[in-house]
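Using the sequences plus the hints, can you model the full thing?
Residue numbers (the working numbering), protein chains in the order written: chain E, 1 to 899; chain U, 1001 to 1110.
Any given hint might turn out to be false.
Unchecked claim - Which chain E residues stay away from chain U? Per the calculated CB distances, all over 12 Å, these:
| hint | residue |
| --- | --- |
| 1 | Gly-97 |
| 2 | Thr-525 |
| 3 | Met-635 |
To be verified - Among chain E residues calculated to face chain U with C-beta under 10 Å, some are:
| hint | residue |
| --- | --- |
| 4 | Ala-19 |
| 5 | Asp-23 |
| 6 | Asp-24 |
| 7 | Gln-26 |
| 8 | Gly-28 |
| 9 | Leu-29 |
| 10 | Ala-30 |
| 11 | Asp-31 |
| 12 | Ala-56 |
| 13 | Leu-61 |
| 14 | Pro-62 |
| 15 | Ala-65 |
To be verified - Label-pair restraints from in silico Cβ distances:
| hint | chain 1 | residue 1 | chain 2 | residue 2 | range |
| --- | --- | --- | --- | --- | --- |
| 16 | U | Leu-1085 | E | Arg-886 | 58 to 64 Å |
| 17 | U | Leu-1011 | E | Ile-410 | 32 to 38 Å |
| 18 | U | Leu-1011 | E | Leu-390 | 22 to 28 Å |
| 19 | U | Val-1060 | E | Leu-386 | 42 to 48 Å |
| 20 | E | Leu-386 | U | Leu-1011 | 26 to 32 Å |
| 21 | E | Arg-494 | U | Leu-1011 | 49 to 55 Å |
| 22 | E | Leu-390 | U | Val-1060 | 36 to 42 Å |
Simulated from the structure, these hints should not be mistaken for laboratory data.
Each residue gets a CB set at the ideal place from its N, CA and C atoms; glycine is no exception.
These are the residues of each chain, in order.
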Amino acid sequence: MTRRPHAAPRFARWVLRAALHRDDRQYGLADADEEFERQVSAAGERVARHWYRSQARAAILPGLARRWACVIAVARPVNAGFQAGHVYRDVVYGLRGLKSEPTFALTAILTLALGIATITTTFSVADAELWKPLPYRNPSELVRVVSRGPGTDAPVDGLSGADLAEWRACPAFTDLAAVGNTARRVLRLETPTSAIVTEVTANYFATLGRTAIAGRVFDPEDAGSRVAVLTDHAWRQLFAEDRSVIGRTVLLDEEGVVIIGIASGDALIGTDPDIFLPFDERAPSFRDRAATVSYGAIGRLAPGVTRTHAQLQLQPIASRLAASFPEGRTGRTISVDELDDYFASSNARPLFYFLAVAIVVLILSAVNGASLLLGRAVRRVREFTLRRALGGGQWSLARQLLVEGALIAIPGGATGLLFAYWALRVFTAALPSDFLLRGAEVPIDLRVCAAVLALTTMTTMVFALVPMLLARRLNLSSALGSGGRSGRSAREGRARMVLLTAQIALTVILLSGAAIFMKSLVALTRVPLGFDPVGAVSVRTALSGPRYTTDAEILRFAGDLLSNARATVGVREAALATNSPLGSGPLVSFFVAGRPKPALNEAPYALLRAVGPGYFRTIGTPLVKGREFTSDDLMGASRVAIVNEHFARDVFPGEEALGKTIELLPTRARWSNRPGALVIVGICANIKDIGINEVSFSNVYVPFAQMPTTRIELIVRTAVPVSTLEAPLRRLTASIDPAIPVISVSTFDRRVADALQGDRFNSLLSLALAAVAVLLAAIGIYGAVAYAVDSRTREFGVRLAFGARPGRLIASTLGQALRVAAIGGALGLAATLGIARLLGNALYLVPGKHNGLLFGVTTTDPMMLACAFFVVVGVALAAGALPARRVTRVDPVVALRAE
Amino acid sequence: MPGKFLAEFELYVMLAIAQLADGAYGAAVREEIETRTGRPVSIGALYATLARLESKGLIVLRTGRQEAGQRGRARRYSRLTAHGLDALRHSTSMLNKMMAGLALADGRKR
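Following this line, the structure appears as structure tokens:
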């Protein structure tokens, strides 16, 4: 390292530079350099550098005070009594005060920071997910319009292009757009890639006000033409953000389409496809009244029209259409929902829970802060009374207290925001991918920050001023003349104990909640799945294009795929399916042959899977009765089915299901729409169909050969590590048809882990929030006991001097902490039980839903509640024991002289 | 009211400026006070005080010409205004009046 001889210390020079006012900077630095050189020649470089550093240090406070003075100068007309010099003095004084009580300063700042961080983080996520309006023009006008049968859970009716045209005549809407089903098609890039494609009416983008980031979106003339709009994520993933892609013709199942633009705003309303195509709105298939082009429509309300109005205006049109429907659709009702609500509701419950918890944590931190400041205030009553007695103005006292409050509030707030920033980064990284609909980009909510900061600053200020009021009330002679005893009133002590008790109670509630979430998660990991995920791999592919339109073509491909898979080294067993456990599937309505045929929307339904021979053996689902499908269950042979135990018990209670005949009703999805009679030849175990925390569904399995589909899932069971098998599995389709890509290769272990991600996240987050609460409670107890010990120093000194054993003194100090913890804990338990009673079953799964928050644990689980209680009481005692130990170190002589 | 009386350090600075006459630039003022009182003077505090005195109209600051041997350093010289001179007289005379007849112990140890 070479340094110029006699150079002033760089950092110190920088500090000095920053501290000096802009007008003085040049001269001040010149002076410093001049003196520095003089000192170098007179006393040597070491002394000179030391001098320079001390100069820099000494310049900081005057520098800050002068900047502050600029602000004050503006405010001076408002308040003539506020002087820069005074504030500077107050700041110095306040800092000195905090420095002499570092524990108080740190705990107060940390308390504030934790509260602010918790609420800001949680609120930012909740806001992004629940309340932030869609980033489209006038989002409140956007609605989703559906028609459905009677009953709240009735499925949404399919909407035909003809009906949509009639709906569009309704003046309540300026625009109505249809979004078709998604389909997988092969996009011919360098390698064939499977892309998710959705057909939309040409006014889709105009209705939403969704714009293009590059190129353009559809306009009315595009209907039916060979053009496509990419979504942002597809453009990034499939085209590597290449802008020249606009105007390029790409092959989609051997059909050329021209990419005209890239749409903005990803996945804000449901899942976006990769590619949008325009419906051909003149095509007979679109206009056919019996055909379904979409389920419901997206609309924009005309200005000034409410949703109720729109519903009332559209209802007669829809009723007329329903009456003329060939099958006779009766009792159809139109509902008009906010588009935002419709797509944002799925995570509302856990988010509201976490929001409530975060608010409790904020309250805890406020209580803590209040109790800390109160304690400090009482300690200083004497000081303030004295100051007033010596002629200190009320205003100067108030100003100093305000400055001291700010000295806590500002670093507390800043630390809190820093914590929130980190927490959000961790939070979004830990989030399950599908937990937040609006993507994982959660900005810190600045409005919340501002509101919380203002609130905390205000509270801090208010509590900072309490001692002033106390000082005013207190009789001068009693405060000064009480033989040197601190002015600690019994009332103040009681107030503090009440605050602490409440805090402990709230903490117990939060920790109980977290414990119950944890137990629920553990219960979920142990729940029988109905299949064996270990060593099972799913390979998904989808056929599309003109070469796979007939059953025979699909079956030939599927057969080749299966034999290729079986020939792969390491594959022990393989079977075909349309979908598999935890992968959902289409619902099909049915009725039992020989029983009266119910109306379509009243028939029982079951989850349908078409599976090939050996499927149950491969997936590890036991067959309870009957037989598996064999290679003889072919197209043309008598149609058969296997049902699960739930189906058998539900549909044939007390009867033998085997050998019975059920008849499938027409369905929405094309492949499953093969109505007809099936004979039940087997009964298999129940499996987890969609999520781990679910009520069993009725399942109907049919032979793949009798209901083939272009969406193929190959299930493979291996004896070798899956990673070694991934590459050969990915190549499986290439040898059969190079144009057909493998969409994904994933293990069932992974699928199970993914299915638990939400629960894992819930329990981790509630645990984290509870941990913050416990920490706050510990700080509170610590502060209270430390304060009690401090203010009784004299008493302890006297008692020690008279031979009291230190152990007894500790016990008496801790006894109070224990009493507060025990009473607070008991109250917390009672409150938890009360809340549990109030919530009832709200947190549990109800049949047909998948959003149960808890599983396999009651909200009053005694073990978990006891855990919460003892953890909180234990932590409280430990926190109290730290300062209580100080009692033994009291030197009677010093203690008696102390005041 | 602030402004009528000079604070202690303000008084020192004004006296140093008066002592230095035309040579009262920052480093000189600092040295003057340090050598006379033995009390270290912080550059930051000095400049804050100079700015305050200027804003009260007690001194004027002017940028000095570059002189040989200064290695191009900028200097800003302070000079008492008439008002400043009045204030200084007022303060010192009051100090003298207050001290008249007092035999103070030697305070150097404090």
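Each hint, compared with the structure:
Listed as a non-interface residue, E/Gly-97 keeps its Cβ farther than 12 Å from every Cβ of chain U; the least gap is roughly 22 Å. At the 12 Å boundary, the C-beta of E/Thr-525 stays outside the reach of chain U, the nearest C-beta of that chain being 63 Å off. E/Met-635, annotated as away from the interface, keeps every beta carbon of chain U farther than 12 Å; the closest lies near 93 Å. For E/Ala-19, the shortest C-beta to C-beta distance to chain U is roughly 5 Å, which falls under 10 Å, so the interface hint holds.
A least Cβ separation of about 7 Å between E/Asp-23 and chain U falls short of the 10 Å threshold, and the interface hint therefore holds. Using the Cβ-Cβ criterion of 10 Å, the hint placing E/Asp-24 at the interface with chain U is satisfied: the shortest such distance is roughly 4 Å. A hinted interface residue such as E/Gln-26 counts as satisfied when its beta carbon comes closer than 10 Å to some beta carbon of chain U; here the least separation is about 5 Å, so the hint holds. Look at E/Gly-28: its Cβ gets to within about 5 Å of chain U, closer than 10 Å, so that hint holds up.
Interface restraint check for E/Leu-29: the shortest CB-CB distance to chain U comes to about 9 Å, inside 10 Å, so the restraint holds. For E/Ala-30, the interface hint holds, the least distance from its beta-carbon to any beta-carbon of chain U being 4 Å, beneath 10 Å. About 4 Å separates the beta-carbon of E/Asp-31 from the nearest beta-carbon of chain U, less than 10 Å, and the hint is met. Hint status for E/Ala-56 relative to chain U: holds, with the closest Cβ pair at about 8 Å, below 10 Å.
Taking 10 Å as the C-beta contact cut-off toward chain U, the hint placing E/Leu-61 at the interface holds, the least distance being around 8 Å. At about 4 Å, the closest approach between the beta carbon of E/Pro-62 and any beta carbon in chain U falls short of 10 Å, and the interface hint on this residue holds. Taking 10 Å as the C-beta cut-off, the interface hint given for E/Ala-65 holds, the closest approach to chain U being about 7 Å. The hinted window of 58 to 64 Å between U/Leu-1085 and E/Arg-886 holds, with their beta carbons roughly 60 Å apart.
Under the hint 32 to 38 Å, the C-beta atoms of U/Leu-1011 and E/Ile-410, about 35 Å apart, fit the expected range. Our hint of 22 to 28 Å for U/Leu-1011 and E/Leu-390 holds, since their Cβ atoms are close to 25 Å apart. A C-beta distance of roughly 43 Å is found between U/Val-1060 and E/Leu-386, which places it inside the suggested range of 42 to 48 Å. In this structure the hint that E/Leu-386 and U/Leu-1011 lie 26 to 32 Å apart at CB holds, the actual value being about 30 Å.
In this structure, E/Arg-494 and U/Leu-1011 meet the distance hint of 49 to 55 Å, their C-beta atoms being roughly 53 Å apart. For E/Leu-390 and U/Val-1060, the hinted distance range of 36 to 42 Å is satisfied, since their beta carbons lie about 39 Å from each other.
Violated hints are absent here; each numbered hint is respected by the structure.
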